[in-house]
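Residues per chain are reported as follows:
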Amino acid sequence: DTEVTQTPKHLVMGMTNKKSLKCEQHMGHRAMYWYKQKAKKPPELMFVYSYEKLSINESVPSRFSPECPNSSLLNLHLHALQPEDSALYLCASSQVRLAGGLGANVLTFGAGSRLTVL
Amino acid sequence: QKEVEQDPGPLSVPEGAIVSLNCTYSNSAFQYFMWYRQYSRKGPELLMYTYSSGNKEDGRFTAQVDKSSKYISLFIRDSQPSDSATYLCAIKPGNNRKLIWGLGTSLAVNP
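If you read the protein sequences in the order shown, they are chains A and B. Each residue of the first sequence is one higher than the one before, counting from 37 in our numbering. Each residue of the second sequence is one higher than the one before, counting from 952 in our numbering.
Next comes chain B alone, as it looks inside the complex (with noise of 0.2 Å):
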């Protein structure tokens, strides 16, 4: 079983919609967690990190992440052509491991 888990899509959607991208992952112990958005031939960019159960929030974006179960998501409300990306979760286990990555999620905002 890979320690994180993120379905690679593509996901297509209408200008507008909300948008809904998750991962899971393995160890309960796992401690950090990140949403990066990599636009095409341009390096990741961080759009958001927590550390603890429940919902955070910066403009159309919204960070969840349920420990109980092990599933974070990333919900982007309004979508807009300009969020067509690949956005990838990653994971900080904790001290001294490196990030574990999801293998990040294709999405198309359609106009």
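One chain only, chain A, in its complex shape (with noise of 0.2 Å):
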């Protein structure tokens, strides 16, 4: 199983709504990221999370909140968002280390969630 499953597809949500993102994975990777992209832009990086603890947060607003209950699954809490946060969310996956270094650069990525926020 070489897949990383996002859901939903889609979601449409207001202002004040409480809405999560989740991921899965079965291949044994220990680090999972979530990233935000906008048309046409490269993903950016939001969190990492490395053996289940949060190693990178890169000064994403309170509104996201990520949690990694277990090795295989990426939460993605939302809450009270912002119109401009209407985005593609991509979930990843890698190994933290191979030989060489390599590891943690090839990330397998899910097809992402369409978050619009009206």
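No wet-lab data here; the hints were simulated from the structure. Glycine residues also receive a C-beta, built at the ideal position from the N, C-alpha and C atoms. Please note: incorrect hints may appear among the correct ones.
Computed footprint of chain B on chain A; a stretch qualifies when at least three of its residues, placed anywhere within it, have a C-beta under 8 Å from a C-beta of chain B [stated by the list, open to error]:
id: 1; region: 72 to 81
id: 2; region: 142 to 154
Calculated Cβ distances over 12 Å to all of chain B for the following chain A residues [said to hold, decoys possible]:
id: 3; residue: Lys45
id: 4; residue: Thr52
id: 5; residue: Pro97
id: 6; residue: Asn106
id: 7; residue: Asp121
id: 8; residue: Ser122
Both chains are given apart, each in its own frame, so use the hints to dock them into the complex.
Put into structure tokens, the structure is as follows:
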């Protein structure tokens, strides 16, 4: 199984709503990532979990709250979002380290959750 | 100066053409170089990665790194309509630094 599965594929929410994005992988990867991607832009790193612990937070606003319940699951909790937060949210996973140090570079992405904030 | 520069295109070629996609980077210490392909409404998928100067070939795809010029390329031979996608270069500077992405080049291969 070489997939990263993200749900939901599409989400529309109001600025007062609370919702969650979910990500699951069964490749045995111990690093998991949330990226945000706007149209015609590259992915922008938000959070990194390594061995289920938050290792990188790229100064993301607190209205985005990540959670890693176990080594296969990654959630992104959303609350009081703004219209400018509308984007494609991508989950990715990787091995933490391979010989030669390449493991952390080889990301497997999910198809993304397309979020629209009204 | 941006750390990684990539012309966003769009690039339009006829089926069967050889496609050349390129990125330049600013820091000679950068170590690992990757190409990702992203179809519309999908996440990026890794096509090729390399960490040394020279060529790496995989089927119709060849990745080339010239560290002396700080220039990386992806060549697609016998391009197909199914190659129509956005191609993103990504560079890993070294340990403990995040990937640096190019803007992505939008490619259309016309039948």
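Hints and how they fare:
Check result for the region 72 to 81 of chain A against chain B: holds, 5 residues qualifying (beta carbon to beta carbon below 8 Å, three or more required). Evaluation of the coverage hint for the region 142 to 154 of chain A: fulfilled, as 8 residues show C-beta separations to chain B shorter than 8 Å, against a requirement of three. Against the 12 Å criterion, Lys45 of chain A falls within the reach of chain B, whose nearest CB is about 9 Å from its own CB. No beta-carbon of chain B is positioned within 12 Å of the beta-carbon of Thr52 of chain A; the least distance is around 28 Å.
At the 12 Å boundary, the C-beta of Pro97 of chain A stays outside the reach of chain B, the nearest C-beta of that chain being 18 Å off. For Asn106 of chain A, the condition that its CB be more than 12 Å from all CB atoms of chain B holds, with the nearest at approximately 22 Å. A cut-off of 12 Å between C-beta atoms confirms that Asp121 of chain A is not in contact with chain B; the least separation is 18 Å. Taking the minimum C-beta to C-beta distance to chain B, about 15 Å, the non-interface status of Ser122 of chain A holds against the 12 Å cut.
Taken one by one, the earlier hints fail for this structure only at number 3.
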